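Student: If you want the building blocks of each chain, they are given just below.
Number of protein chains: 8
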Amino acid sequence: MKLTVYLAGQIHDNWRDEVAKRAEEKNLPLTFVSPQTNHDRSDSIGEAILGEQPGKLYKDDVASDINNFRTQVLMQKSDIVIALFGEKYKQWNTAMDASTAIAMNKPTIIIRPESLIHPLKELSNKANVTVETVDQALDVIGYIYE
Amino acid sequence: MKLTVYLAGQIHDNWRDEVAKRAEEKNLPLTFVSPQTNHDRSDSIGEAILGEQPGKLYKDDVASDINNFRTQVLMQKSDIVIALFGEKYKQWNTAMDASTAIAMNKPTIIIRPESLIHPLKELSNKANVTVETVDQALDVIGYIYE
Amino acid sequence: MKLTVYLAGQIHDNWRDEVAKRAEEKNLPLTFVSPQTNHDRSDSIGEAILGEQPGKLYKDDVASDINNFRTQVLMQKSDIVIALFGEKYKQWNTAMDASTAIAMNKPTIIIRPESLIHPLKELSNKANVTVETVDQALDVIGYIYE
Amino acid sequence: MKLTVYLAGQIHDNWRDEVAKRAEEKNLPLTFVSPQTNHDRSDSIGEAILGEQPGKLYKDDVASDINNFRTQVLMQKSDIVIALFGEKYKQWNTAMDASTAIAMNKPTIIIRPESLIHPLKELSNKANVTVETVDQALDVIGYIYE
Amino acid sequence: MKLTVYLAGQIHDNWRDEVAKRAEEKNLPLTFVSPQTNHDRSDSIGEAILGEQPGKLYKDDVASDINNFRTQVLMQKSDIVIALFGEKYKQWNTAMDASTAIAMNKPTIIIRPESLIHPLKELSNKANVTVETVDQALDVIGYIYE
Amino acid sequence: MKLTVYLAGQIHDNWRDEVAKRAEEKNLPLTFVSPQTNHDRSDSIGEAILGEQPGKLYKDDVASDINNFRTQVLMQKSDIVIALFGEKYKQWNTAMDASTAIAMNKPTIIIRPESLIHPLKELSNKANVTVETVDQALDVIGYIYE
Amino acid sequence: MKLTVYLAGQIHDNWRDEVAKRAEEKNLPLTFVSPQTNHDRSDSIGEAILGEQPGKLYKDDVASDINNFRTQVLMQKSDIVIALFGEKYKQWNTAMDASTAIAMNKPTIIIRPESLIHPLKELSNKANVTVETVDQALDVIGYIYE
Amino acid sequence: MKLTVYLAGQIHDNWRDEVAKRAEEKNLPLTFVSPQTNHDRSDSIGEAILGEQPGKLYKDDVASDINNFRTQVLMQKSDIVIALFGEKYKQWNTAMDASTAIAMNKPTIIIRPESLIHPLKELSNKANVTVETVDQALDVIGYIYE
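Chains as they are written, first to last, in this note's numbering: chain W, 1 to 146; chain V, 147 to 292; chain P, 293 to 438; chain B, 439 to 584; chain R, 585 to 730; chain G, 731 to 876; chain H, 877 to 1022; chain D, 1023 to 1168.
Don't take each hint at face value.
No farther apart than 27 Å at their CA atoms in a straight line, the calculated lysine-lysine pairs in the DSS-like style are these [claimed, not checked]:
| hint | chain 1 | residue 1 | chain 2 | residue 2 |
| --- | --- | --- | --- | --- |
| 1 | W | LYS2 | D | LYS1148 |
| 2 | B | LYS528 | P | LYS351 |
| 3 | V | LYS202 | V | LYS148 |
| 4 | V | LYS272 | P | LYS369 |
| 5 | D | LYS1112 | H | LYS964 |
| 6 | V | LYS236 | W | LYS59 |
| 7 | G | LYS751 | G | LYS732 |
| 8 | G | LYS818 | R | LYS640 |
| 9 | G | LYS818 | V | LYS148 |
| 10 | H | LYS1002 | D | LYS1024 |
Hints in this document: simulated from the structure, not taken from any laboratory.
Model, not experiment: these values are computed from the prediction.
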């Protein structure tokens, strides 16, 4: 049984490659989808398609139109959502994607370091499972195939 | 990941062919579906199947039965809806299809010329993205595959 | 049994007052809600609350945020939607409100002149009832109380 | 028409009292509900009811059980959600509540300072309206009653 | 706890009065709603509001628009549906109302004579309870108040 | 685009074979599913699996368990429902299946002879299209592929 | 804000009276509803209304029709569900009611003794909160009103 | 037409192998999925992935996170649910899975011995079909393919 997994979370390092590599090592038949992971592209996509905007608010709003469009298409196609939180950045998109997934009844795993237990406690409580590493998240998914 | 795209909008020129051609040039794995694009066929389909009706109201109503049936089947099968508005025609079907798609949580792109910004402002605001050209709409969809 | 009725449609004349007056004459226990009917207020509400915007597109978009907010609150509170179409104006908001109501399973009545039978045929076909006058629409609602 | 408004956001100052006071000044018939606003009580409610837990993770998890229970009851009873973001704190609960409200089709207003435009851009884009002050949020709600 | 009960079924005798009388004798706090019970009115309501139609098919269709509108409004307001089948008439509206109620998760009671066990067996099986008399149906509802 | 069509209706003659044959002649890529069409098997399936029952009511109820199970599985898998009514039999299952399909937003076609216009008028009005022959129903579906 | 609470669980002692008494002492504005708590009445209600059945299986099935009807009506009217598990009895109805409530997004509290931690672990994990005493459950609800 | 069947029930013997074997003998094109059937693995999966916990309650809760995650993924992928009850064990997970499936509109078969008729009567009444043996359950599914 093939499953599609949406990888929500920051786009400042290549953690998604790590996920894909470990999934392959574990022979899990998973397809991964995600938000745009090129940060500059994600910020500028609105102006790239719709042209220059009259200020940062407007540039951000048109970029968001298109980023949200992408996320909605891909999350509707997904069977599982993994949301990774790290110690840097505000990560409100990660919280938004995880919360939306939970409200859509998508089975959801949160990955977060121990240092974030307290500020993420209500969201962790609503997700199915909260773990600390990518490996643990894939072990949770791998458990489906045992 | 293959996606099915419903192309709502006027059926007086061949803009859908343009969409398909540009999608092919961009190598996007999209399947396009749409309302009946032969205008006469669309208007006469009710009488063609159900026989002559006692007046225009009744002719229109039986045609609508069958046009709405087609749209409902195809929109339920679609992952994305593009709705194109032009400067001519009332285009209430385009507004109806876009609004229905949004209410069904289908990710939706509106294409409209600058001249229609004002009368379409509330509908544009509810759609995911509003652009001015077919090319821009396909760039938005292409962004999913980056 | 009291019912709340959302009155979608153009805001260029006082047809809603006529609806309310006739409902009172017929002793129907209805509460009417509607979009903002002051046209200037509707167009300028975005800038009135959020401040001047850098152009018409942006002015329209912030106005739409707030008009759509109002409509969403009031339509969710309504038991019935009446959508009136006239011969003037594009009336895409009317088409949007009627289509959204139908998609939300709100019982919906369309009022339109005979001249609009053809361009509204698919939307009329999806609504519960299509009539030509305010009086007929209230007779349809009055029938619930017989 | 009375409306119930859920006030999501940080619980470190009395901004909700300000909201209630301004609503009263504007004669808006609103009932406000919210998460527990006593921060210590919110953190300790789990142990207060369920007894001492074997560590911070567990203390947080039982508190979250009860905080999430409260939020679910009250948000289901609400017609509108206001989510206020400030410059301090991680505010993932605010993002979670706003995202959940949007996914539940609750009309949603975000209040955030200009400095947070960029990190909140996707969430703002999904909310109905984004403003910068409590007063603006109440003006948006007041517009329903015009 | 007051409950609203939709009474689906034939409109050729006054069985609904019997239901109301027995509910009153049992002191059950129920409000009853129903389709139009004046048979002529039900058949002619379309032409009464929309004017003469060009034939029986069209007369029936406009009557159905308005009868279905009424039923949709009242069934959405109901907590319980009772559907009574008798030995005469085709009663496809009764089957339609019962099936729609079940699909909407409305708790549903069917009343039918012993002679109809076989042709109603699949519908009875999907309803919550099937009884043979009005009194039994009210006993089932009365059980809620014990 | 392959579509699955549920064929609701009486099981006393081989009309479904006619549908399949005509669909093949028209080269429509349709898969047909249906209730059990062997009437004796349909009536006795409960006792065949669960053993002899203490009377006709109980025999019918266990058969209905299994017939409803089959219909629920197959209708959930279907994109379109055709419901055929004829002049004989009570056909409450046909009415039940058509009404359930409509409530599930399955695009629905009713086939009925002219003689049944009046008793089926409300159900016809809720279906997408009503026709008189199998050929017309397939023409409606064929229109999707034009 | 008044709330209605469904009390699922065994009907062999008067624990619901205890809940009501403690709620009154705490001045909580709660209305309690529940399954039939007279065990004999619950078992015999089917035969009481529908007459003697041909065996225990059939007696149980008709009683269940009516008990499930009652539960469906009352749970749909409830804002919160409390499900109490004790050390005796199989309590599959309690598990069914709690699971149904959770699937309906009703905020749910489980009360169970420490001895049942293990066999209830998956269900506890899906409920909002799990406590050991009636008092704790009311403290959780009381927290909504702080 | 291939169908996926979730097999809920105790994990103390190999009844699922029996189901698969009989399905193969009957040539039914079914794919079976299930909870983790290795009992020790199911109990220890939480600690295996998340590390040692401070007590049995906590060990059980982390195991439940992951078991519920697995069940949610697999049940969403299933077309049919079979829930088997035996005479031993509390089997609250079986009741939970069956109740959840029914609330999700998954067609559901219960297998239980005659001795459990009474305690399972309400749940049996809500399921589509209740049988006593694995063979009967497969006959019910096989009936779809006749």
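Student: Determine for every hint whether it applies to the structure shown.
Tutor: Comparing the hints with the structure gives:
For the suggested pair W/LYS2 and D/LYS1148, the alpha carbons sit about 32 Å apart, so the restraint of at most 27 Å is broken. About 32 Å separates the Cα atoms of B/LYS528 and P/LYS351, which puts this hinted pair outside 27 Å; it is violated. Taken as a hint, the V/LYS202 and V/LYS148 pair is broken in the structure, with Cα atoms around 41 Å apart against an allowance of 27 Å. A threshold of 27 Å between alpha carbons decides the hint, and for V/LYS272 with P/LYS369 the separation of about 19 Å falls inside it, so the pair holds.
For the hint pairing D/LYS1112 with H/LYS964, the CA-to-CA distance comes to about 11 Å; that is within 27 Å, so the pair holds. Restraint check for V/LYS236 and W/LYS59: not satisfied, since their Cα atoms lie roughly 32 Å apart, outside the 27 Å limit. Only pairs whose Cα atoms come within 27 Å are accepted, and G/LYS751 paired with G/LYS732 is accepted, the gap being roughly 17 Å. Between G/LYS818 and R/LYS640 the CA atoms are separated by roughly 22 Å; this keeps the pair inside 27 Å, and the hint holds.
Of the pairs offered as hints, the one joining G/LYS818 and V/LYS148 is violated, with about 47 Å between alpha carbons and a cut-off of 27 Å exceeded. Taking the CA atoms of H/LYS1002 and D/LYS1024, the gap is near 31 Å; set against the 27 Å cutoff, the hint is violated.
Of the numbered hints given earlier, the model fails hints 1, 2, 3, 6, 9 and 10; all others are met.
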